[in-house]
Structures are given as C-alpha cells and as structure tokens.
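**Student:** Listed here are the chains, written in short residue letters.
Number of protein chains: 2
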Amino acid sequence: MNIGYLGPVGTFSYQVAHRAFPEEQHTAYTTISECLDAVAANEIDVCLVPFENAIEGTVNVTLDYLYQNDVPPIQAEYILPISQNIMVNKQRSSDWQEATTVLSHPQGLAQCHDYLTKNFPHIKREAVSSTAFAAEYVSTHPDEKTLAIAPLFAAEHYDLDVVRANAQGNMHNETRFIALSNRKLAITDDPIETKTTLLLKLPDNDSGTLHTMLSTFAWRNINMSKIESRPTKTRLGQYFFHIDLDVGADNRLLDNAMVEISLLGGTVKVLGSYDVYKIK
Amino acid sequence: MNIGYLGPVGTFSYQVAHRAFPEEQHTAYTTISECLDAVAANEIDVCLVPFENAIEGTVNVTLDYLYQNDVPPIQAEYILPISQNIMVNKQRSSDWQEATTVLSHPQGLAQCHDYLTKNFPHIKREAVSSTAFAAEYVSTHPDEKTLAIAPLFAAEHYDLDVVRANAQGNMHNETRFIALSNRKLAITDDPIETKTTLLLKLPDNDSGTLHTMLSTFAWRNINMSKIESRPTKTRLGQYFFHIDLDVGADNRLLDNAMVEISLLGGTVKVLGSYDVYKIK
Numbered sequence: 001m002n003i004g005y006l007g008p009v010g011t012f013s014y015q016v017a018h019r020a021f022p023e024e025q026h027t028a029y030t031t032i033s034e035c036l037d038a039v040a041a042n043e044i045d046v047c048l049v050p051f052e053n054a055i056e057g058t059v060n061v062t063l064d065y066l067y068q069n070d071v072p073p074i075q076a077e078y079i080l081p082i083s084q085n086i087m088v089n090k091q092r093s094s095d096w097q098e099a100t101t102v103l104s105h106p107q108g109l110a111q112c113h114d115y116l117t118k119n120f121p122h123i124k125r126e127a128v129s130s131t132a133f134a135a136e137y138v139s140t141h142p143d144e145k146t147l148a149i150a151p152l153f154a155a156e157h158y159d160l161d162v163v164r165a166n167a168q169g170n171m172h173n174e175t176r177f178i179a180l181s182n183r184k185l186a187i188t189d190d191p192i193e194t195k196t197t198l199l200l201k202l203p204d205n206d207s208g209t210l211h212t213m214l215s216t217f218a219w220r221n222i223n224m225s226k227i228e229s230r231p232t233k234t235r236l237g238q239y240f241f242h243i244d245l246d247v248g249a250d251n252r253l254l255d256n257a258m259v260e261i262s263l264l265g266g267t268v269k270v271l272g273s274y275d276v277y278k279i280k
Numbered sequence: 001m002n003i004g005y006l007g008p009v010g011t012f013s014y015q016v017a018h019r020a021f022p023e024e025q026h027t028a029y030t031t032i033s034e035c036l037d038a039v040a041a042n043e044i045d046v047c048l049v050p051f052e053n054a055i056e057g058t059v060n061v062t063l064d065y066l067y068q069n070d071v072p073p074i075q076a077e078y079i080l081p082i083s084q085n086i087m088v089n090k091q092r093s094s095d096w097q098e099a100t101t102v103l104s105h106p107q108g109l110a111q112c113h114d115y116l117t118k119n120f121p122h123i124k125r126e127a128v129s130s131t132a133f134a135a136e137y138v139s140t141h142p143d144e145k146t147l148a149i150a151p152l153f154a155a156e157h158y159d160l161d162v163v164r165a166n167a168q169g170n171m172h173n174e175t176r177f178i179a180l181s182n183r184k185l186a187i188t189d190d191p192i193e194t195k196t197t198l199l200l201k202l203p204d205n206d207s208g209t210l211h212t213m214l215s216t217f218a219w220r221n222i223n224m225s226k227i228e229s230r231p232t233k234t235r236l237g238q239y240f241f242h243i244d245l246d247v248g249a250d251n252r253l254l255d256n257a258m259v260e261i262s263l264l265g266g267t268v269k270v271l272g273s274y275d276v277y278k279i280k
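Here the protein sequences come in this chain order: A and B. Per the UniProt record's numbering, the first sequence starts with residue 1, numbered consecutively. Per the UniProt record's numbering, the second sequence starts with residue 1, numbered consecutively.
Hints may contain errors.
Given that identical chains are not distinguished, each listed pair holds provided it fits within a single copy or across any two copies.
Below, computed lysine-lysine pairings styled on BS3-like, alpha-carbon distance capped at 25 Å [stated by the list, open to error]: (1) Lys-118 - Lys-269; (2) Lys-195 - Lys-278; (3) Lys-124 - Lys-278; (4) Lys-195 - Lys-90; (5) Lys-226 - Lys-280; (6) Lys-226 - Lys-269; (7) Lys-90 - Lys-269; (8) Lys-280 - Lys-124; (9) Lys-278 - Lys-118; (10) Lys-118 - Lys-233; (11) Lys-124 - Lys-145.
Treat the hints as calculated values from the structure; they're not laboratory data.
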C-alpha cells in the first residue's frame, strides 16, 4: 500500500506513518489539503493527517476540508505523544543563547510560548510550514543566529544540537492523527477505544435547536465524547458541529438517531466508525 | 478614558477603537495578552481585542486567556466588516506581479488563500504579527519584491498602491471585537442584540453530561446562539465550553439555570451580559 503523510521527512506525521505502517511505501505531501486531495483521487491508499492537538485544539485545516469535500472514511486514529525541543546548528553550540530568530511550525511556537517569553523575550518568532523545515533550515544555515523548535528525531536526522529538551509548556501533550482510506486496514495492535465521528449541520443554522439534536443521542444512552463548533465560512454566527460518539459501526440505536436528526431537519455527514490506537 | 487595543496603528482593532471611542485616549499593545493584562491590572480603562472572525473562527488566544485569567467583564461587542487587499510599495507598482514574498497576519494570509493559490502559486507566504506591520514593512523596503495583505486604511496610512482590492475569498467576512472594562460604557448607538457569554466546565470532564447542562437552558426557553469547545490544555479529550445565550443581565431564569448547573457539578464563569453594535 502507498501511505501519504504530511511531510517533509521528520514531521510528526512522518513518525506516525513509519510506526503504524513500517512495511509500506510512504509519500510525503507539503500540505494537509494536498494529502487529502491525493486520497480522494485514489493516488494513494491511505492518507495520514493531524486532526487534534491536546494544547492547540483541532487542526482547522483538516476539519474544514472534511466538511467541504468528499473523502474516504476514517479507518483508524493514532495518538502520538508530542515533545518539542530547542535545537541549534552544531557550529553555533557555544553562542546559541545569542540567537535572534527561532523557526518552527506555528503549533511548535505556540507550545513553547512560555519558554520563549521567559528565556528569549526579544527573539523573532518565525512561522514556517513544518518543524522539519525549521530543523533543515538551521542545519543548512550555520552562519545565521537561528534556533529551531522540532521533535528529537529531527535533531538526529539533521545532525543538530538539542540545547533544551521538552521546552513545550505542557507535559501531557499529544496529537491525534487520522487515517483515511477506502480499504479496511488490517491492524494487529489492541485499540484503546472505538468511536464514530460525524459532522452535523442544524436546520436553518439555528444553534437553538442543538439541544433537540443532542437529545436524539442522549435518550438512547449514546455517549458524546466531543463536540465542537466551526464556522461554515458563510456568515458570522453560522456553524457546523463536529461530534464524536462512543459507539462503533452497525449500531441500530445510532442508525435510528441519524434518521431522527434527518427528520428534524438536520444534515449529518458520517466521517467514519473506527478504532483508536496509542503510539508509544 | 484610556482605551487599549491590539496595535500597531492601522490594525482592525485600531479602527474599532477610533470609531467606537473617537474622543478618548488610545494605547496600542503588541499582543492580545498584553492588552488583556493591562486592563486586568487597571492600567487602562477599556481593552478592545478581537474575539471571532466569520471565516477563521474564534480567536483562540483571546478565549484561552479569558478562561485562564480573571478579567473585567465584557461591556460591549463591536462587529466590523473585514476586507483584505493586496498592496505594494509605489516604487514597485509596475512589477508587483513578480513579487516573491507576501506578508500578512496569519488570518490575512488564510483569508486570501484562494487568491494567492490561483495568482501566485509559488509565492512565499510569511506570517507576521499584524496586517499593519506587513504594510509598514513593505513601505520601508522598496528594494524587496514583497506584497502586503492589509485593510485599505493601512494602504492610505503607509502610502502604498492597492493592486487588488477585496482579495479575501468571502464577501460576508466580519470580525467581532469585545470591550472589557470595570466601568459601564455610555454608548448612544442602538444595539443590534443583547447577550450573555459564559464558560462552562463539566463535572469530571465528561462531555457526556453536556446534554444535561444544556437542558437547564433549553427547558427555560433560553436560546443558545453559540457553543464551542476548547481544550483545557491539560490532556487530550478535556474541554471547556464557550456559550452565548440570547438574554441580558438580571434574568431570573438565567440565575436559576446557573444555580442548577452548579448543583449538577458544573463550573460556570460569566464573562458578561452586554449589547452588540455594528460598525459601518
């Protein structure tokens, strides 16, 4: 199988792609949208993209794409622990504290916000497309006083000095990645949970009817483990809802709830019923 | 009064500060957190910060700060229509289509994503702290092939050429700004609506009880115009809820609902009951 992931080599998505599918072929994409485009067009068998970070919240690019486009179902979810580390070119190991710029993905910068504010109050924070790009830039620019924030394996890959490990503010940081595919995946690991993810649009965009819609799950004892709203991008105050339910596929109560929501005027798009795995 | 806003001169917050409080003194802050810190410390009388954009959704920095810190109540909300425009240094008016870099606030870049992808597929998109910073940079660097995405008044202020007006993808784009203050504001305009905003944390972080909590509003006919979840930043899967209700202050039914949520084990933080105004 061909596994597409959010590249380049050395990203967290790369790490998940290699740990979850070690024997398969891997293809890097430069943006989340391109990776999702590729699986929708059947150019790859599986698309692995980040969906939610414990600190920064949902990856809006992924959620908005899933709302706006037709894609294969989610077949599995992988949870990866996240650490962010400050690293520098080895030729700069002695004067790294004089750095004037720090590069990272916006989430890397956000996760190390407290460390940077305390230790580098005047440093220029520059957002780049990935933590791996930041590490590669620092490795190829020894003449610049620039730091990168990236995972440990990026330091190994690009031969950088880690000057501060675990610089992220929160020690329980994790990111969820989803695997979208038209094929059922044969996974031998034990899942930690099973869930169903759906997107709900209310009739005439009236959030006041949300309570009625949620009742269709509640009175059937279908537990909701997540709900969040996102703007539909048409006008201020119009939202769709991203809902996770603690049930798997082929659940008669869930099927009945969906029919009822439809009768009440709601629109439901099921993104998939799937198992969740933890990557160690 | 002293009105603090997210600066520098020329931002959308600047525009709201000057239109809503034309006669008052204005102080620019470089980050949303610093502006909120200042009103919490009584260094300014009113703090004006962005809270939600119709396309990009909630401004997470603002919401997370309000959840984590004690601040004066929201006294008013202002809705500003947003247009984003491509501008260039006047010395570059003839060769602007050869630009290699475009600068803007991340929301400016996101709002013009479709225009850039279609017209400048290979341009380097660089995120800076504000649209005003982008405009100022372009005005002071005529030698660089750089564009700025910023509002029209930034082009006036920094004497730039607008080469493409309304480059944002969405024509109904608006941003909500909130005014936090310990003082009641004397506003003579007619409000378009009145609402109450609160943050709700569920008992033992179980989203499954959300339906019960929302019932306390529903069976009292208190309409909910917005609900969204945000991670509490402690662990994946733990959220608080940001809820807008269509009621004002001194509402007995609302008071009863609050008491009931508390009895059910929920924690509520009321951010304010306030009027909403539209800026033309």
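**Student:** If a hint holds in the structure, say so; if it doesn't, say that too.
**Tutor:** Quick rundown of the hints versus the structure:
1. Lys-118 - Lys-269: neither (45 Å within a copy, 29 Å between copies)
2. Lys-195 - Lys-278: This pair counts as within: shortest intra-copy Cα distance 14 Å, inter-copy 42 Å.
3. Lys-124 - Lys-278: This pair counts as neither: shortest intra-copy Cα distance 35 Å, inter-copy 36 Å.
4. Lys-195 - Lys-90: neither (45 Å within a copy, 56 Å between copies)
5. Lys-226 - Lys-280: Intra 24 Å, inter 38 Å, cutoff 25 Å: intra-copy only.
6. Lys-226 - Lys-269: both (16 Å within a copy, 21 Å between copies)
7. Lys-90 - Lys-269: For Lys-90 and Lys-269, the Cα distance exceeds 25 Å both inside one copy (50 Å) and across copies (49 Å).
8. Lys-280 - Lys-124: neither (34 Å within a copy, 36 Å between copies)
9. Lys-278 - Lys-118: neither (33 Å within a copy, 39 Å between copies)
10. Lys-118 - Lys-233: Only across copies: Lys-118 and Lys-233 sit 19 Å apart there, 37 Å inside one copy, limit 25 Å.
11. Lys-124 - Lys-145: Both. Shortest intra-copy (11 Å) and inter-copy (21 Å) distances satisfy the 25 Å Cα cut-off.
Comparing the model with each numbered hint stated earlier shows that hints 1, 3, 4, 7, 8 and 9 do not hold.
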